[in-house]
Amino acid sequence: MSIQPILEVEDFSKTFILHEQDKELPSSHNVFLKAYPGRLTALTGPTGAGKSTVLKGIYRTYLPTSGRMLFTTENGQKVDLATANEHQILALRKEEIGFVTQFLHTLPRQSTEDVVAMPLIKKGESRTIAIEKAREILSQLNLPERLWAISPATFSGGEKQRVNLARGLLAQPRLLLLDEPTASLDPKTTDRVVDLIGNLKQTGTAMIAIFHDMDLVNRLADDVVELEPPVGTENFFNVHNHEVA
Amino acid sequence: MSNKKVLEVRNLSKVYGKGCPKCIESTGPERNTNICPHCGSVVAAHDISFDLYKGEILGIMGESGSGKSTSVKNLFFDEIPTSGQATFFDDGKQYDLFSLNAQQKRHLRNHRFGMVYQNPVLGLNFNVSAGGNIAERLLMSSLSHYGDIRARAIELLSRTEVLTERMDELPKNFSGGMQQRVQIAKALATNPPLLFLDEVTTGLDLSVQAAILDLIMEIQRESGTAMIVVTHDLGVIRLLADRTLVMKYGRIIETGLTDQILEDPQDAYTQRLVASAL
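Here the protein sequences line up with chains A and B, keeping their order.
According to my numbering, the stretch in the first sequence is residues 110 to 354, in order.
According to my numbering, the stretch in the second sequence is residues 33 to 310, in order.
Any given hint could be a false lead.
Stated by the list, open to error - Rough simulated footprint, nothing fancy, chain A against chain B, three-plus residues with beta-carbon under 8 angstroms:
1. 239-250
2. 270-280
3. 290-301
Bear in mind the hints are in silico, worked out from the structure with no lab data behind them.
Where is the CB? At the ideal position from N, CA and C, for every residue including glycine.
Same shape as in the complex, but just chain B:
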């Protein structure tokens, strides 16, 4: 791991609803809710800050509704944050993510970021073939020759162990694990330096989960891609993440080295979470 920073997030907040001055003080782990009792707004994430370095895998752990996916979706421009800053460092340039215009955002999404969703419907276009899904992403970048695009799609699909004979089939004909592999191939198409993985193994068979996790680790070793892995599964965290953030009711309640979070958790909530997993 080099000490090159890829992403710096500061005080990211996302509130759904109109919000009121009492939202923040009335929500969070101490209040046991993320819904503001005064105005009914949902404080999905508040005051999220972290750094991500090249080649590093950062885990974000927490129960459903803790704000882990929200944090990542804001960084991938799926949502617009209520406040906060995020800086992406790339090739000597830096981008202030939340003040970019739509075209600049699209550029980063299509070329420099990759996202793999829990639900393949969000990450794949189900109206075009598996190969077509990858071609879509490649067309938005520099490749435009049909033969080149097809060759790159074949390369990516074999890398993620999708039978290339099936590349012209629609994703709906594929199993869940196979759809996930196509999604990963698509996300990797442009060799992005930053990859977001949102509950990518949730709901898959154990053997399929294992194969997907192996694939992710292999990609990380070979290309040094920085990744943010969102999961509620402690096993996935243990396997993949160097460092871990623990979230509850929209706040980060604890951060640390992954082995420290699992063996010497400081917060009462993390202690309960770790104890219930073993």
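Next up, chain A with everything else stripped away, as it sits in the complex:
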């Protein structure tokens, strides 16, 4: 297959240094993965294998400890997300890389349809069209219409998750990171999400996803990368005490 990856992660590792407790906490180690346009790469592995850490590292919410993350931009430039400057990352987040997390972080006092439409508006879409598209995807995800004008702050877990997905999918980024996007959804809505993710693949979006059950991996993944917990996670070791008694 001659299709070029949009993202190549090489030997990514992340260790948190907790100064207050004087501890090092290894999270992800030696991760290699690739993401391709129109394909979904699933990250699997037990709890503590650092799956979410990899996604946050790619989005640069976490600073990688080592490794390279080569992203090919829309105009063919290769950018190492591990070392790109902050303005480059902000521009990529706005135009090319999206993230749907397990939790909804929104600005308070904003209506649901505004929350969903915002990434499109920021990209330069007119407000009227962005809101129209937001309503369309919200109804596809079975979010009752009476909720659209209210802030999602008071929504249930499943409702918030749908808002989050609607926003992430609507923006149609070139690379979409998904962290357990269906964890609190009912089977019917999950089926809708599977359809929508399938549609997004058709448009050429590359995806890296963590799913809470293997059934979804089987239904959606084109590639699977299995992660293992780092050695020694169980016993955190002291930074200043390399001698193990």
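On the provided structure of chain A, position chain B as indicated by the hints.
Quick look at chain B alone, frame taken from chain A:
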């Protein structure tokens, strides 16, 4: 956000007092002080460097006395820096801020910069009405017709949700939140491309804080104004800032994307600050 640079600050330092050769090495986060033990001078800010782009909100975070306000006051010409450079890019022109003469500085302050202080007494003239405060700033720019000035003042005050029926009242009759709105209206009067916000929500009721923050975000979305937001409030940083500088004892100890600073802080001090806020 376009990649047009609005402001470039390099190695800005401000020392209060006569200073001595040992000031710098004897102060800072490692020394746990900003007071020089040899000469008693206060190193309020040292080696401050950053870039600000069009439409961007940069947060400066730190405790009282960390030098965040000092940095901003130097850029707004409220203080004269001890050393360093700052370049302001505007309409194809660029200004070396610290080598301008008094008249040029006044021009930038009145036309191209806006400042909102924590204390409205600093930003407003309490001897003239709310509308008069805005008119003062407009008079210094191109508007000179009474009717035009009044119309623009009404426009600005309704934009910041100040009841325009009260525009002829003195600011002292207003609540704290309302004074802050008048200050913001005044700062915005000339559509400045660069706005400094120094602890603008500190000390206000939570609901008033929320309304002021909403207003700031709306302004940023609509006019793409570049802003520097100085605050000790992590909530304000999280809400407003794309990027954040963390300061302690006059130095920048950490910079990064705001979500990275809050979720994966690198410095021991930032880790403690973030942990204590949650």
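Requested in this report: Mind taking a look at whether chain A covers the segment 270-280 of chain B? Criterion is 3 or more residues with CB to CB distance under 8 angstroms.
Outcome: Since three or more residues must qualify, the claim that chain A covers the segment 270-280 of chain B holds, with 3 doing so at under 8 angstroms.
Does the segment 239-250 of chain B contain three or more residues whose Cβ lies closer than 8 angstroms to a Cβ of chain A?
holds (count 3)
Counting residues of the segment 290-301 of chain B that have a beta-carbon nearer than 8 angstroms to any beta-carbon of chain A, does the count reach 3?
holds (count 7)
Against the hints set out earlier in the document, no violation occurs for any number.
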